[in-house]
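K.L.:
Sequence:
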Amino acid sequence: MRTPHRLALTALVAVLALAGCSGGSRTDDSAPATASPSSPSPPPVSQPPSPPPPSATTETLTPTPTATSSTTPTPDPVMPALHSRTYEQARAELARAGVPTARLKPGAQHKDVTVPRDHDGWYICDTSPRPGAPVTAATTVTVRLARDFSDCTTSFNGYLHQENDPAHTP
Numbered sequence: 001m002r003t004p005h006r007l008a009l010t011a012l013v014a015v016l017a018l019a020g021c022s023g024g025s026r027t028d029d030s031a032p033a034t035a036s037p038s039s040p041s042p043p044p045v046s047q048p049p050s051p052p053p054p055s056a057t058t059e060t061l062t063p064t065p066t067a068t069s070s071t072t073p074t075p076d077p078v079m080p081a082l083h084s085r086t087y088e089q090a091r092a093e094l095a096r097a098g099v100p101t102a103r104l105k106p107g108a109q110h111k112d113v114t115v116p117r118d119h120d121g122w123y124i125c126d127t128s129p130r131p132g133a134p135v136t137a138a139t140t141v142t143v144r145l146a147r148d149f150s151d152c153t154t155s156f157n158g159y160l161h162q163e164n165d166p167a168h169t170p
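The sequence shown begins at 1 in the numbering used here and counts up by one.
Derived by calculation from the structure, the hints in this document are not laboratory data. It should be emphasised that the depicted structure is a prediction, and the values quoted were computed from it without experimental measurement. Just so you know, even glycine gets a beta-carbon here, dropped at the ideal spot from N, CA and C. Some clues are possibly wrong.
To be verified - Between beta-carbon pairs, the in silico distance windows are: (1) E163 with P73: 47 to 57 Å; (2) R103 with P170: 15 to 25 Å; (3) G158 with T101: 24 to 34 Å.
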């Protein structure tokens, strides 16, 4: 008994459709398969609806993990090199480095000098902590200031003016 050619082609397409193959080449699963121009186009075959995903039909009894903020501790900022900068420049540099300027404490480089309220133009001679050291949340950044940068290297036992040194004898 001979099977008609059309019936055999239809059966082949149905088997391929059930197996998940389209019989043609395609790159997108949502796009219909196209037949090559030299072969006759088979009749359209309807595919059975796909079953719903398991999560839609089955209730999950295991608790789902809650979204927790995994905060990685950020490293402490590092003390920048502030020597020879003005107090105003130092504040800006500390802010860029991530050090809150509220922790910045000015002081005089010399015992016989009083730092005025407006000391933005004064120069930094020394810092504590030293450059490169970590600045923790409890660290107070102390800067020693002088009116002129050249005064940073001048010291008479901690005094700017030799006559103010109690150990000085004229």
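K.L.:
Each hint: holds or not?
P.N.:
Now for the hints, and whether the structure bears them out:
Look at E163 against P73: about 52 Å separates their beta carbons, and that is inside 47 to 57 Å. About 42 Å separates the C-beta atoms of R103 and P170, a value inconsistent with the hinted range of 15 to 25 Å. For the pair G158 and T101, the supplied restraint of 24 to 34 Å holds, since their beta-carbon distance comes to about 27 Å.
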